[in-house]
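S.K.: Using the sequences plus the hints, can you model the full thing?
Protein chains in written order, with the working numbering: chain A, 134 to 244; chain B, 25 to 204.
The hints are simulated quantities; they were obtained by calculation from the structure and are not laboratory data.
Do not rely on the hints blindly, as some may be mistaken.
[As the list claims (entries may be wrong)] Chain B residues, not near chain A, derived (Cβ > 12 Å throughout):
#1 Arg-26
#2 Leu-31
#3 Arg-33
#4 Arg-52
#5 Gly-80
#6 Asp-98
#7 Pro-108
#8 Gly-110
#9 Pro-128
#10 Gly-142
#11 His-170
[Stated by the list, open to error] Simulated restraints, written as ranges between beta carbons of each label pair:
#12 A:Gln-163 with B:Glu-126: 29 to 39 Å
#13 A:Asp-181 with B:Asn-162: 40 to 50 Å
#14 A:His-141 with B:Arg-114: 39 to 49 Å
#15 A:Glu-171 with B:Gly-95: 42 to 52 Å
[Claimed, not checked] Straight-line C-alpha distance at most 27 Å; calculated DSSO-like pairs for lysine-lysine:
#16 B:Lys-76 with A:Lys-200
#17 A:Lys-199 with B:Lys-172
#18 A:Lys-200 with A:Lys-236
#19 A:Lys-236 with A:Lys-199
Here the structure is a predicted model, which is why all the values come from computation and not from measurement.
Beta carbons are placed, not taken as given, at the ideal position from N, Cα and C, and that holds for glycine.
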Amino acid sequence: MNLTVTPHGDCRIIRIEGRLDGITSPQLEQEILRLCEEGCHRLAFEMDALDYVSSAGLRVLLLAVKKTRAAGGRVALYGVGPAIREVLEISGFLSLFPVLETKEEALNSLA
Amino acid sequence: MRTSAILLRPDLNDLDRLQRFIRECCDRHGLDETLHNRVQLACEEWFVNVVKHGFGGSGSGETASAGGAAGEPDISVLLEPAPPDGLTVRLSDNGPPFNPDEHPLPDLTLPAEQRPIGGLGVYLILKLANAHRYARTNGRNELTLHMKPDGQHKTEGTRTGRNRNELDRNTARRLPDHPH
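M.R.: So, in structure tokens, the structure goes:
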């Protein structure tokens, strides 16, 4: 898994490439905790290059939602492929954050 | 029909081996990518569960043998193509009894603030399979998943009944047509 964090105003775009599973998800968790400590509570997850997510990855996404909301922030996802969408749907995660098509839509939803 | 099997250690570092094993098997049999993804996910969820809860390991081999399992840990995955395009996954371990059908279902209607962190793994396994069967046999947990590339995952609230029916129908097809 590769993580790239890009600032965009007071939002942060987190691009996740590869697999978000039991092995790699602690890396994303650390990154999210770091961003929250720095006071970044508007997070857009760019997921067009994410191939796979397991419950370990879902756990970290839920953590991101809880952490940001507690600080008055928000989370949005965009570029989600069908395999990832299926897992989000099964897990009832589509109601937890907006799942959008483009970066612009995601950033608008965080504004 | 060619069957592939792998033995795993109760160590999360073996997840990588398990993933490669599934990838190779699915490629060899030309299985659909959607099916491959579902098999990867179901097997990962099962394996992580067995390592963490069955054998008390948090991921490193040193702590893994301290769990409640009798004797040497013995964890295996067996993949068996189910023509024309499906796969039967047999998951087996000698950890303490764990019946996934008795595992509490997550409440997916809760708002984010009230959702517990975690607890989705077993649910995902059962939802990703078109049918499943659990048995405790000779001190082992034996979980069989029937997985197909077509169709959607199972719908809400029909887990036990529908799985049972599907499994029975599948079994019935292999039996003689006229029982009398």
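S.K.: Please go over all the hints and tell whether each is borne out by the structure.
M.R.: Here's how the hints hold up against the structure:
1. Arg-26: holds (25 Å)
2. Leu-31: The claim stands: Leu-31 of chain B keeps its Cβ more than 12 Å from every Cβ of chain A (closest is about 19 Å).
3. Arg-33: Nearest chain A Cβ is 15 Å from Arg-33 of chain B, so the label holds.
4. Arg-52: holds (20 Å)
5. Gly-80: Gly-80 of chain B is indeed farther than 12 Å from all Cβ atoms of chain A, at 16 Å.
6. Asp-98: holds (21 Å)
7. Pro-108: holds (22 Å)
8. Gly-110: Fine: 17 Å to the nearest Cβ keeps Gly-110 of chain B off the interface.
9. Pro-128: holds (15 Å)
10. Gly-142: At roughly 5 Å from the nearest Cβ of chain A, Gly-142 of chain B sits no farther out than 12 Å, so the non-interface label is violated.
11. His-170: Holds, since 17 Å exceeds 12 Å.
12. A:Gln-163 with B:Glu-126: 29 to 39 Å: Holds - the Cβ-Cβ distance for Gln-163 of chain A and Glu-126 of chain B, about 35 Å, lies within 29 to 39 Å.
13. A:Asp-181 with B:Asn-162: 40 to 50 Å: For Asn-162 of chain B against Asp-181 of chain A, whose Cβ atoms are near 47 Å apart, the range 40 to 50 Å holds.
14. A:His-141 with B:Arg-114: 39 to 49 Å: At 48 Å between Cβs, range holds.
15. A:Glu-171 with B:Gly-95: 42 to 52 Å: holds (49 Å)
16. B:Lys-76 with A:Lys-200: holds (25 Å)
17. A:Lys-199 with B:Lys-172: The hint is violated at about 35 Å.
18. A:Lys-200 with A:Lys-236: Judged against 27 Å, a Cα distance of about 22 Å means the pair holds.
19. A:Lys-236 with A:Lys-199: holds (22 Å)
Hint compliance for this structure: hints 10 and 17 are broken, all remaining hints hold.
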